[in-house]
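Novice: Could you slot chains V and Y onto chain R? The hints should help.
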Amino acid sequence: MSVSRRKFLAWMGGAGLSTAAVGRKAFAGAQKPFEGYPESMGVLHDTVLCVGCRRCEEGCNKINELPAPERPFDDLTVLEEKRRTHSDSYTVVNKFEVGDHPPYAMEGIMGGPVKGKPVFRKQQCNHCMEPACASACFVKAFTKTKEGAVVYDASVCVGCRYCMIACPFDVPAYEYHKVIEPRIMKCHMCHPHIQAGKTELPGCVEACPVESLVYGRRDDLLKIARERIRKHPERYMDHIYGEKEMGGTNWLYLSGTPYEEIGMRHYDSTPAPKLTSGALASVPMIVGLWPVLLTGIYAMNKRKEKVAAAERALAVSEAVEKTRAEGEEKMTKAMEKADKDKQATVEREVKKALEEAAKAQEEDDTDQSPEEE
Amino acid sequence: MSEQTNVIKKIFPPDRSLMTPFNVTAGIIIIMGIILTIVRFTGGLAAVTNLDDNYGWGLWIGFDLMAGVALAAGGYTTSAAVYLFGMKRFHSAVRPAILTGFLGYALVVVSLTYDVGRPWRLPFPFIVSQGTTSLLFEVAACVSLYLTVLFLEYSTAALEWLGLKRVRHLIHKMTIALTIFGVVLSTLHQSSLGALFLIAPGKLHPLWYSSYLPVYFFVSSIFAGLSMVIFEGNLAHKYYHDTMDETHLAEHGQVTVGFAKGASFVMMGYLFIKVFGIAKDNNWELLATPYGIWFLVELLGFVALPCYLYAVGVRDRNLKLIQRTSIVVVLGIILNRLNVCLIAFNWYLPFEERYIPHIGEIGLTLFMLTMGILVYKFIVSRMPIFYEHPDYKDAH
Amino acid sequence: MESDFNILHDFMLHTKNITYLLIVAALVGIAAFWRFLSGKDRENDLGVEGEESKHV
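Chains as they are written, first to last, in this note's numbering: chain R, 1 to 373; chain V, 374 to 769; chain Y, 770 to 825.
Only chain R is shown next, with the shape it has when bound in the complex (with noise of 0.2 Å):
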């Protein structure tokens, strides 16, 4: 088949063209980190602001129509104990006792800078950038939506509560309680709601009067942030919590002291996907490579044995040969010195035989020689 010239031409331009292209991409893409949703909404919460009202959880409990609690929620005693999420509750508000040192916690907004206050904090699913509880879900319940918040299909939850284990804040909560449709419990930052119109702002946010909670894009509530630590160095730690922390969160913090006082673990930036991905890599490595080493191992321990059992064949068979081989020699032999001693018997008989008859004839002459006269 001849290829006109224009034709291969035409090709080998292609070819070229698209070799550079993805030559372009390829080595471009190698490098270039995953940089999450566009346009992924947030919320920012400033602990420095946070009075510890509770109205937050009344809002979020109201819009998901999750059970009335024991204690109602202007019960404000609860907060001297450390409370964590629960089945029946999304977003919990502590109180931590920090100790005096600047910056201080702030009383109110109206207030100035107050020594020794306590410091409320609100915890509620981070929304991930890179959720762990997704990385180790095995039916794929979480997702991380493109509007920034990880939610939960209870469709396909098997009730294996991995999520659990895995989720570096301890967010998810499970229904223990239940029998037929046990769920795992957690935030959704009322992605649902807003998907439907039902509301703009997360329940939480709505219901915050102190604006403690923003709700907007990541990457404005960042600039916000970094806004607020510029312009009062004093009253905030330089560090906006779920920048970095675990490849970056969707919920972020601002805080007066540091964040371990505030019950909150200091992480890297290493994202959950990435801490088993070696593992997880190994097993095509695995599957790939083990097989034949062990089918390689049979097959010559196999060929071994046949080799072993064929030379020891070939010995017995020799020891038998060999034995065989003397067993006629000396047969042979045997029969050899039979002959010759049957010969040798012969002739002592047939001589024997002949002197008796000689002697016989002797005896004959002499016995009838005197007759004759």
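What the hints contain is simulated information worked out from the structure, not anything from laboratory work.
Think about it this way: if two alpha-carbon atoms lie no more than 16 Å apart in a straight line, the pair counts; the simulated EDC-like pairs of lysine to aspartate or glutamate are: (1) R:Lys-306 to Y:Asp-814; (2) V:Lys-546 to Y:Asp-814; (3) R:Lys-306 to Y:Glu-812; (4) R:Lys-82 to R:Asp-170; (5) R:Lys-304 to Y:Asp-814; (6) V:Lys-538 to V:Glu-761; (7) R:Lys-146 to Y:Asp-779; (8) R:Lys-146 to Y:Asp-773; (9) R:Lys-306 to Y:Asp-810; (10) R:Lys-178 to V:Asp-426.
Specialist: Chains V and Y in isolation, oriented as in the chain R frame:
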């Protein structure tokens, strides 16, 4: 046929009562287990467990699943030694090890049906929604495939008992392929069970959290399995001596010594890689803390010591010492898995918030173990596990 | 390729999906290729030992 009838008559003598101490105990446990099962599936996990929001995994995962899978590793180690590495003198140990492995993994699946929130959805990861980013997905796939492999490997004994020659022959031809597949699957899931915890560095005490966790779990499964074969072989010899054929009885000593030698050597390697792990993360100072002492108890008391005792037993051909040491190793494996899963997990929580198993969890675990032992007894006293069936004398 | 995925998680989901399918293919392929490779040996075994050597 009459040979089997005689065997049965020996195990269940018609003139003796069924009310032996073992049977009575087993009966009580079974009745309790049935009641607890009803409570589990009418009252939910909250009714029979102490699982909470901080401890999503409890006794059933830490002991039944993690320790159970490690101790059932005798199946792949024994069959690999005999069929792949050609150590024919251990051949009589294969069937008992495969049976134990099969029952062990079957019990793991049963404990999962108690533990997960919606057990009827257990096939979901394969047929509904594949969470391939999860190491648990890989564990689930490998465990279910391996259970199938073990079942097929065990089935030749059952088929011989049933006299189904053609099917038995068909499966027997797959022995090598099944053995190789079994070793690959075991390597994958034994290591991945350890890898599950890689995702939670903040929650596991640094002496137990290591990027080497998968390697630690896989290597320890080797000597866990070998030790279980020694331990069970010893028990079987006490109670099932009469069912054993000449080969089995003759090889018993060799299996005990041979497996102890292998286990001891692997344990020595394990000790070194554990120390390398501490060095890599520079955690030496942590050894002086309370958790550090506990870590040393696990490593020195339950790995280093039995490693040495095995070696002495092998050198002196002291079967009793080896058999007693195997118990220490088995306990050590259980301790290690419980440490990773429950004790070193969320280690920083105050004591009131820590997890202690509910009596219901313990009761149901005992129930599952008892059922396993009963099935084991049924099988070994009827099927050619401890002896070779006269019609099928094809050694490999 | 990287521009198709916004987060590492999505990238891993995609690559692991493909990898698992390839793993199944690899297992079948390795077994089939071994049979192909050892065809002559099986033939020879048949001549000498008969039934026994039909596996692997």
